[in-house]
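Protein chains in written order, with numbering that gives the first Met the number 0: chain A, 0 to 847; chain B, 0 to 527.
I should point out that these hints are in silico values taken from the structure, not numbers from a laboratory.
Accuracy of the hints is not assured; some may be wrong.
Derived BS3-like pairs: lysine-lysine, alpha-carbon spacing no greater than 25 angstroms straight-line [what the hints assert, rightly or not]:
{"hint": "1", "chain 1": "B", "residue 1": "Lys369", "chain 2": "B", "residue 2": "Lys317"}
{"hint": "2", "chain 1": "A", "residue 1": "Lys96", "chain 2": "A", "residue 2": "Lys325"}
{"hint": "3", "chain 1": "A", "residue 1": "Lys325", "chain 2": "B", "residue 2": "Lys366"}
{"hint": "4", "chain 1": "A", "residue 1": "Lys365", "chain 2": "A", "residue 2": "Lys75"}
{"hint": "5", "chain 1": "A", "residue 1": "Lys396", "chain 2": "A", "residue 2": "Lys210"}
{"hint": "6", "chain 1": "B", "residue 1": "Lys211", "chain 2": "B", "residue 2": "Lys227"}
{"hint": "7", "chain 1": "A", "residue 1": "Lys75", "chain 2": "A", "residue 2": "Lys179"}
{"hint": "8", "chain 1": "A", "residue 1": "Lys75", "chain 2": "B", "residue 2": "Lys366"}
{"hint": "9", "chain 1": "A", "residue 1": "Lys179", "chain 2": "A", "residue 2": "Lys396"}
{"hint": "10", "chain 1": "A", "residue 1": "Lys365", "chain 2": "B", "residue 2": "Lys366"}
{"hint": "11", "chain 1": "A", "residue 1": "Lys75", "chain 2": "A", "residue 2": "Lys96"}
{"hint": "12", "chain 1": "A", "residue 1": "Lys325", "chain 2": "B", "residue 2": "Lys369"}
Sample of chain B residues with no beta-carbon within 10 angstroms of chain A, all distances over it, derived [claimed, not checked]:
{"hint": "13", "residue": "Thr3"}
{"hint": "14", "residue": "Thr33"}
{"hint": "15", "residue": "Glu47"}
{"hint": "16", "residue": "Lys211"}
{"hint": "17", "residue": "Ala314"}
{"hint": "18", "residue": "Leu316"}
{"hint": "19", "residue": "Trp417"}
{"hint": "20", "residue": "Leu420"}
{"hint": "21", "residue": "His424"}
{"hint": "22", "residue": "Asp462"}
{"hint": "23", "residue": "Pro464"}
For each residue, glycine too, the CB sits at the ideal point set by N, CA and C.
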Amino acid sequence: MSETTTRRERVLPVTDLSLVVLVGASGSGKSTFARRHFKPTEVISSDFCRGLVSDDENDQSASRDAFDVLHYIAGKRLAAGRRTVVDATSVQSDARKQLIELARRYDVLPIAVVLDVPEEVCAERNAARTDRADLPRRVINRHVRELRRSLRHLEREGFRKVHVLRGVEEVEHATVVTEKRFNDLTHLTGPFDIIGDIHGCSAELEALLGKLGYVDGVHPEGRTAVFVGDLVDRGPDSPGVLRRVMAMVTSGHALCVPGNHENKYGRHLKGRAVQPTHGLAETIEQMAGESEEFRQEVREFIDGLVSHYVLDGGRLVVCHAGLPEKYHGRTSGRVRSHALYGETTGETDEFGLPVRYPWAEDYRGKAAVVYGHTPVPEATWLNNTICLDTGAVFGGKLTALRWPERELVDVPAERVWYEPVKPLRTAAPGGHDGRPLDLADVHGRRAVETRHAGRVAVREENAAAALEVISRFAVDPRLLPYLPPTMAPTATSGVDGYLEHPREAFAQYREDGVARVVCEEKHMGSRAVVLVCRDADAARRRFGVDGPTGSVYTRTGRPFFDDPQVTEEILDRLRTAATGAGLWTELGTDWLLLDTELMPWSLKAAGLLRGQYAAVGAAAGAAFPGALAALSAAESRGVDVSALLGRQRQRAEDAAAFTAAYRRYCWTTEGLDGVRLAPFQILAAQGRSLVELPHDEQLALIDRLVDHDATGLLQITRRLYVDTADAESVRAGVDWWLEMTGRGGEGMVVKPLGALVRTEQGRLVQPGIKCRGREYLRIIYGPEYTRPDNLARLRQRFLNHKRSLALREFALGAEALARLADGEPLWRVHEAVFAVLALESEPVDPRL
Amino acid sequence: MFLTITTTGTPDRPATDLGYLLHKHPGKAQAFSTSYGTAHVLYPEADEQRCTAALLLEVDAVALVRRGKGKGRGGAPDAALAQYVNDRPYAASSLLAVALSGVFSSAMRGVCRARPELTARPRPLHIEIPALPARGGPALVERLFAPLGWTVAAEPVPLDTEFPEWGASRYVRLTLDSETLTLAAALRHLYVLLPVLDDAKHYWVSSDEVDKLLRAGEGWLPGHPEQKLITSRYLTRRWSLTRQAMERLELVRLAETDDSDVAELDNAVADEAETEERPTPLAVRRREAITAALAAAGAARVLDLGCGEGQLVQALLKDTRYTEIVGVDVSVRALTIAGRRLKLDRMSERQAARVKLLQGSLVYTDKRLKGYDAAVLSEVIEHLDLPRLPALEYAVFGAARPRTVVVTTPNVEYNVRWESLPAGHVRHGDHRFEWTRAEFRAWADAVAERHGYAVEFAPVGPDDPEVGPPTQMAVFTRTAGHEKTGATGSTGETSSTGETSRTSGTGTAGETSGTGTAGESEKEAKAA
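Chain A on its own, in the form it takes in the complex:
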């Protein structure tokens, strides 16, 4: 190293998401360079991978396997969007070719950093290392020769940046700076007004800008316009549109992504031969009247457009033709092609036009994708994507989306400026048209993000069971926006003769810091969730179904009634009551989702009642008279059977009590005569989840609903409010329960008045605790459960899993409702609903 060499401090820009390939002979200092400039986890070295597969970092015979491992790891990192540095000699073009293919596969930039260090230096360094001391000099010599040969070809090979560091000095003093990608504007938070395809409709553009509040291209509140491309062609004034948009972009009041039409016009401006079809001829003609200088500006403007932008912290992606999530923020020809042209299936339709691949149907990304390109009559959201091309040039309208408000603003076209090749269809791409959900949304092991309890995991076997039941038995998923969570019982009671008693429930809530609770009568029926729309039209609009005006389904999503007409009859009565109670207007909705209990139990559980409960009662009723008679006869003969006789009498009484207990759940119904429906919570209405509405307000709404039912179908839910810290109030609560269950009632559910409540430590408290009546529990724990020795054994029950399950399912249910209220795509709602059902198949003591 000569002292006289001038120090040259090279600054190497390296894109934040890229595949960096270090190129240099063995001993050129690649590992040192990588260590100095990159995070240790960003660097994968071939030596390390050799060690992984062969226990020897210098075992050249393991190279093939080592590079498999290296490519695999690099692939995983790039797929996850992490910059990756490959530390291998990479002096041969074959080796580099594989890496360039890898970068392309994951749509990141391949960058080469060449360490061109003299052969003697490399040899010296290798000699100093014990593990490489016997590396033949000819190998290093070959490396250096190959490197020199490669230098000229690197850009042609596909590297999008090539940094060559010559000599030890330059290597030592280079610095690496991380550059953002051009499409990464996540730091801009807007607010934005995203404007659809304009196609030279200058007047409509000016009208829309005015409607959005722009004054001469500037918004007084500092909003930014974002154009989705296709500014030109077909329409009357492409130059005017370009002038306006370019001025806004230059002054920083707008962003613009290119459309396929600009792209083609840009090629024309560069002198390439393009067909002047699809309205390009009009643009060329209009631009002919402009100055050469303006055409030059347009050329540069188009040339400088970036294919798509990621905005607002990654929540928003804008591009011309739509973009799958895996391409967001990526940089490759493929990404650009997708952003400009979209994807086609390779087929053609009856107009000879390529069939578009319905990418939005598959879209499951977190970012909203706003795009244009495909003319639709109405801009509608689908899976968090929206197409804003509403065919202004074809006589439709010009549409803008306000972000983050998600409001649509549009102006009608002044006239049909250009005849479409084929008519606009009524549906948006993949609109509400009964498309099924995708299996990947529900299948296998999953974790569902919930706002109230974080990630809730679903195991594969539980998802498999849920898939079976939902696929074979459930109502249409569009009419299944919720499934009710399971509920934990109160802590096992120590009160003599009782397995469950409200005392423990009140104590538990007091401990959790809940001062006020509501005790709600537990109805003696089956759980039913009811979705009722104001009319068939509302059902079509909101839920996309043609025909039914709602649904009535069980805890596993099965239709409650086999006959759809019975369902409609129930919905009709509810609808009338809701109208009478003024709930539609008050809640600003044309549909309601209700949690209810449907009675009698025998209506749905007839099979279980006859096959199990009544059968047990029948067997007991048949067996005991004979047994008791035989025992009495033996006793009168002087045989000592008094203890046995006493026990059998007790058992006979227990069995009779059991029969009495289940009989309360049975009565005969004829059509809807005798059927009762007790709503106890309004779960959701348009734009609103009501799961956090305090229960007193809930019950006030419900009471009005019940009051306005003249048919006798709806039944009130009795309730009592209890102060958990007030002994008097707690006693009243206990008495109420004793009185109710003493008359054969099923029991009650205690809920925190505030519905969704956390402890001081931030832990979610149980949304409800059930206290089941002593007699009712006979049909759960068997006729003889109250015998002291049985009770003693049954008290050993374990509630923790049930409690945890109840909270997880509650969080999932609330999540489904929140997603429904936010108008999120069906798959997002269904994901949470499906998870509730899957969790219901987890192993837990079924008697809890």
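Once you have looked at the hints, place chain B on chain A.
This is chain B only, laid out in the frame that chain A set:
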């Protein structure tokens, strides 16, 4: 849990000999502990003319449930026993039979040390069982006991007197009378026939079950007209063990959630089909028709959607023209059985590479199903509720889009020709609908129209001039080139009126295709 045995006597053959025969003293009440509770023997009456022995089994229901937990000696936990609400403490079930053999073991063997001469002599016997679970009802009870020399009275017990409309329970009050049988024979009859009538899932199997049956049935079972039924029911417990092993506890729990029986949910596979392959001629015809259609279409990679127990997959595997066969079913139980039928775990790697079984659902789109030559939907669509059919239609014809789709479904018109099928009934409990030929054609034509397929129909089975064939088949073939797209909204109809001739798919002029030439690619390229 209760039965009485009464005999009558004369001064020279006193009724109280029953005490000797049973080895239980008529003056005492005795208790014996058995595995399921305490058995008591006592005599309500005992004199020369008449003597009655009562056997009463006190079953501990709570212990039964706790026993059911975990995988103890009894094998897998038994869902039915895991109920606290259980008829075992009351009904004269297999538990009572077990108690009988334990408490009266020497009597059953015909051994009486004190009075050996008594055992071989028949005596008047009257047996009462007030609550006998009897699957098959009083008629079967009669058929089982009468040939053995019993006078049988079996009276059904009503399910609930408050709800007469519920009808009879599965229990009968049974009385048996005979003058010609020995006590030992009577006990052996009960020992075998109580569990046979009970026929519940929850019986305990030990390896020597066959020996036990042979021993207890000695002298009477071989000539019994219902021998086959008795033997199969007695040993059915073995099959129920296999059934239990496959029981999907997740589905059991979901059924419990809904207060319904697991059989309502876990019914994708017919029970009897587990035991043996009984291809009805129609199923064979169907398979022939399908394989012929697949062969005609030149398909090599085939989906069997709703493959059930894998019969078709198995048939296709035997034909090497099929290079990839994928069986898809929503029922995990069905797939388990299919896997076993195909012996997947013992298949050679080369064979195994040709076949795959997947859990999937036809009301969801599924990327794994794209790109196949053909899909078969054999007797599948009728298992979906009609409102869910559009979802299946889109998943198969819109999303998976195989070149050929073969659909078979029952022809409801033909049902009048099934002698065993009551009028108006569907052929299978899970059929949500059955179509006439016209209905099927209307559906198939509309599907074909919506998704760009041509469709042809063919009968399967004898084509009755009046009502048509028992099974109807439609073969859909995707029309080449000009793709019509779905009326359900569909993939391409909104395809732009814009510049479309240069999309990456068609790749003309290479201007935009693939990985991008230097001029077209991102700005970053120039930044280097």
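Structure-based check of each hint:
1. About 24 angstroms separates the Cα atoms of Lys369 of chain B and Lys317 of chain B, which keeps this hinted pair within 25 angstroms; it holds.
2. Note on Lys96 of chain A and Lys325 of chain A: the hinted pairing holds, with a Cα-Cα distance of about 23 angstroms set against a maximum of 25 angstroms.
3. Using a Cα cut-off of 25 angstroms, the hinted pair Lys325 of chain A and Lys366 of chain B holds, with the two alpha carbons roughly 16 angstroms apart.
4. Distance check on the hinted pair: Lys365 of chain A and Lys75 of chain A sit about 20 angstroms apart at the alpha-carbon level, within 25 angstroms; holds.
5. Among the hinted pairs, Lys396 of chain A with Lys210 of chain A is consistent with the structure: their alpha-carbon atoms are about 13 angstroms apart, no more than 25 angstroms.
6. Restraint check: the Cα-Cα separation between Lys211 of chain B and Lys227 of chain B comes to about 16 angstroms, which is no more than 25 angstroms; the hinted pair holds.
7. Taken as a hint, the Lys75 of chain A and Lys179 of chain A pair is honoured in the structure, with Cα atoms around 21 angstroms apart against an allowance of 25 angstroms.
8. The straight-line distance between the Cα atoms of Lys75 of chain A and Lys366 of chain B is roughly 22 angstroms, inside the 25 angstroms bound, and the hint therefore holds.
9. This hinted pair does not check out: Lys179 of chain A and Lys396 of chain A have alpha carbons roughly 36 angstroms apart, beyond 25 angstroms.
10. With a C-alpha separation of about 21 angstroms, the suggested pair Lys365 of chain A and Lys366 of chain B falls inside the 25 angstroms cut-off, and the hint holds.
11. Between Lys75 of chain A and Lys96 of chain A, the direct Cα distance comes to roughly 18 angstroms. Compliance with the 25 angstroms bound is thereby established for this hinted pair.
12. Distance check on the hinted pair: Lys325 of chain A and Lys369 of chain B sit about 20 angstroms apart at the alpha-carbon level, within 25 angstroms; holds.
13. Some Cβ of chain A comes within 10 angstroms of the Cβ of Thr3 of chain B; the nearest lies about 6 angstroms off, and the non-interface call is violated.
14. The Cβ of Thr33 of chain B lies farther than 10 angstroms from every Cβ of chain A, with a closest approach of about 15 angstroms, so its non-interface assignment holds.
15. Distance check on Glu47 of chain B: its Cβ is at least 14 angstroms (rounded) from any Cβ of chain A, clearing the 10 angstroms threshold; non-interface status holds.
16. Residue placement check: Lys211 of chain B keeps its beta carbon more than 10 angstroms from all beta carbons of chain A (closest about 26 angstroms).
17. Taking the minimum C-beta to C-beta distance to chain A, about 25 angstroms, the non-interface status of Ala314 of chain B holds against the 10 angstroms cut.
18. Every CB of chain A is more than 10 angstroms from the CB of Leu316 of chain B (nearest about 25 angstroms), matching its label as outside the interface.
19. Against chain A, the non-interface label of Trp417 of chain B holds: every CB pair exceeds 10 angstroms, the least being about 24 angstroms.
20. With a closest Cβ-Cβ approach of about 21 angstroms to chain A, Leu420 of chain B is found to remain outside the 10 angstroms limit, as its non-interface label requires.
21. Every beta carbon of chain A lies more than 10 angstroms from that of His424 of chain B, the smallest distance being close to 15 angstroms; the non-interface claim holds.
22. With a cut of 10 angstroms on Cβ distances, Asp462 of chain B stays outside the contact zone with chain A, its closest approach being about 32 angstroms.
23. Consistency note on Pro464 of chain B: stated as away from chain A, and its beta-carbon is indeed over 10 angstroms from all of that chain's, at 35 angstroms minimum.
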